[in-house]
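J.: As they're listed, the protein sequences go chains A and B. In terms of the numbering used here, the first sequence opens at residue 106 and continues consecutively. In terms of the numbering used here, the second sequence opens at residue 1218 and continues consecutively.
These are computed hints drawn from the structure, not numbers from a lab. Glycine included, each C-beta is placed from N, C-alpha and C at the ideal position. One or more hints might be untrue.
These stretches of chain A come out as covered by chain B in the derived footprint (C-beta under 8 Å, 3 or more residues) [what the hints assert, rightly or not]:
id, stretch
1, 239 to 246
2, 259 to 266
3, 420 to 428
4, 486 to 494
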Amino acid sequence: MTAVLPVDSATAKVERADAAGQPVLRQRGQHEVFCGLTSIIWLHRKMQDAFFLIVGSRTCAHLMQSAAGVMIFAEPRFATAIIGERDLAGMADMNDELDGIVARLLERRPDIRMLVLVGSCPSEVIKLDLPRAAARLNHLHGPDRRVMAYSGSGIETTFTQGEDNFLAALVADMPDARPDAKPSLIVVGSLADVVEDQFKRIFQSFGLTDVAFLPSRSSRDLPAVGPKTAFILAQPFDNVTAQALLRRGANQIRAPFPFGEEGTTAWLNAIAAYFDVDQSRVDAITAPGRARAQKAMERYRETLHGKRIFLFPDSQLEPSLARFLYRELGCEILEVGTPYLHRSHVASELDALPATVRISEGQDVDKQIDRARAASPDLIVCGMGLANPFEVEGYSTKWSIEFVFTPIQGYDQAGDLAELFARPLIRRARLNVEA
Amino acid sequence: MELATWTYEGPPHVGAMRIAASMDGVHLVLHAPQGDTYADLLFTMIERRKTRPPVTYTTFQARDLSGDTAEIFKDACRDAADRFAPDVMLVGASCTAELIQDDPGGLAKTLDLALPAVPLELPSYSKKENWGASETFYRLVRACAGSTPRDRPQSTAPSCNILGPTSLGFRNRDDVQEIQTLLALLGIDVCVTAPLGAGARDLARLPDADFNVVLYPEIAAPAARWLKKVHGQEMVVTVPIGVGATADFIHEVAALAGVDPAPALAAGERLSWYSRSIDSNYLTGKRVFIFGDATHAIAAARIADEELGFKVCGLGTYTRELARDVRSAAARYGLDALITDDHLAVEDAIVAAQPELVLGTQMERHVAKRLRLPCAVISSPVHVQDFPARYSPQMGAEGANVIFDSWVHPLMMGLEEHLLQMFRDDFEFHDDAQASHLAAVAPQRTAATADPFVADTTAGQEAQIGPVSWTDSAEKELKKIPFFVRGKARRNTENFAAERGVNPITIETLYDAKAHFGR
């Protein structure tokens, strides 16, 4: 292990990651991964005045209900406008139908300030122009109610890429920063409120006052963006958003992602360095957090040290999680699967992993299952469709979906993140019954 | 276009998956984009299935659309045939693949696979999950059983098939066991139980049985009708849920098999006696609202009416294919059936019917929770709770016992009602009080909850105060009525007053209305 986790400052690192003896295994075949619509499950909780209307099929509605569970009590702030035979046969004008549904929805939910039309596989295939529909609906319902559109379709996006497309659409809505604007920071990627608040307090101690989080908790609080704006990704999957911000003149701060003590420190250091905060001051501010993170992780080191871990693709968090497991908990990483590898964003994560780690992008699930069985790992990190069958075969598994629903970033969640990996192993050791 | 928050049924290809997942030796190759694999977790998580469902998805992407998605499908078929070596392959398309019109059936034919491939037409934009399951089962039965009538093998005992139980079916796992036990008591052999637990090769033996028992018409009716037409097998369509229906079922099966029904009828259940016992008096006339798939809704209405002495105040289904049956059942209770797949319409109907018990799906369970009504789940769509570890059938004698417990336990017991009356002004025992054992840790109740919708609906019942007003003394008197019937008393009194032009409502009006409506 090297003492300091490398912080990327230029794309030159991209080449090194590949050159570091980590050829990427690219697979196409059956993807056992959610589509981008699924990110609505956390986005609608995060942005509390937004309603997400999927324009799609019964499958989309069924997906949302199955992925979210029928356990959501209240009427959720998402729904599906289900395309039917009459729409496809041209017996009904789809734009008129959509306008009618939107009008009914907005009437029913006066609390909604932003209505988001979400494209799906069927709406993309029949080339239903949702951005145009959004413009038309804005004309009808604006300016009090904003209507926007993005695509979460499975033919274009996996799971977390839905968030990316939504945030990129929000970037288009952000106002221009005034020419005399002071330097500002945007943290890009959904974080749990508790994590946001922790980071906010640290940024305040750094002396950074103009900090915004994307997505914001309210659709009315979108930050301004301009050449004095810097942004940092808090989630590795928000790539299109990063491109959109760069096009708006913002500057990207590159860093490892804030998982574990090391990742969080590197992430905060990169921000501090960009804003010329004195390093000794940064060290003093982060010292208590670093100590707490180390203490909290210590409890799980014994359980996880030397454990062999195989990660199936799910959320694109996999390279960062693998780095965390390898460097901070002493795990051995067998394979890191990811639906997409944005090498420029995760370059420092890949650099921190040894060359023996297999990196795979995309998926042919049957072949990957064969590889997992052959590798005989101590823990398989995978989706809910695969986990129970692996358990029956005698493997311990961790459902990957929990990493996008649980607060895991930052110092005070480092122990929680370690515990998520340790729990299945501890549980298996405790139980004296067979599957 | 139709607006949906929750749906009672998935798309038809999920129905096809349920058939494939129910059986051995059947593999479904589904032309579908990335994301449709979510359906796997219904099986591995909700049902806690121990293996992945036997489904291969082609996972085509946007960039493939301009290229050759048909080639991707053919590769997936070949790979699945090699890897899983099924006896039969099902080929079909999900909603997106239906739009690109690759014709999976035609493509599979060109492959010269060493196994039969059964093509499925699953119209996603007009049909739904149960239709997809029944269509898939019908196609499979046709393909495997063959259309040539043949002589039944000579055997000493009469025999039948059990058709309809599926993976992800509501309590199907245990219903099958219950019905097999019942048939054994009658001395009837079960030739094949399908699709749940059957192999593709078993379907070839279907014509060997004397008749078919259709446990779930939603799934098995088309296949059974075809078997009757082609192979001359009679079908039993009485669904043995409840004491009366189980007896009818036994008589019908015994008559067809030419056996004595007595041994099966003698198998006791406890529902009858528990319902007759005096402590059940308080169940009399309880208003019950019923919604579910057609099979379970119709059966529930009969049990509620004939076996528990409830009053059925609403009956409906999302199964449009069997709407006629539900309508005629509803007519027996003087009701118009609610045929809809819009759960908000069901919620409105529940509010309007003012039930004291809701029997429904998981969706109605949530509605009932919001309205603070007792509820029991009687039908799919299923939830992880609907796969209990214990034996818990709905059919047959044990099914009747299970139903008695699960419908009656959510209700306040008669004795508890009396206690409520006696202690209604007790400081620890009023409608805003937490359960006493939680008092120390319970947060103070606040009127408004975070979600405006929840606040609206819970408040809805009491807040619908019409133009009539209440005198202070009448309002105080109303408070003396137990909280769980207070909303109803308020509404009844207001309707009574409005009809007679009485305003404001006095104590006299309150008791006049009570006398008018009775309990």
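J.: Tell me, which hint numbers fail for this structure?
T.: 1, 3
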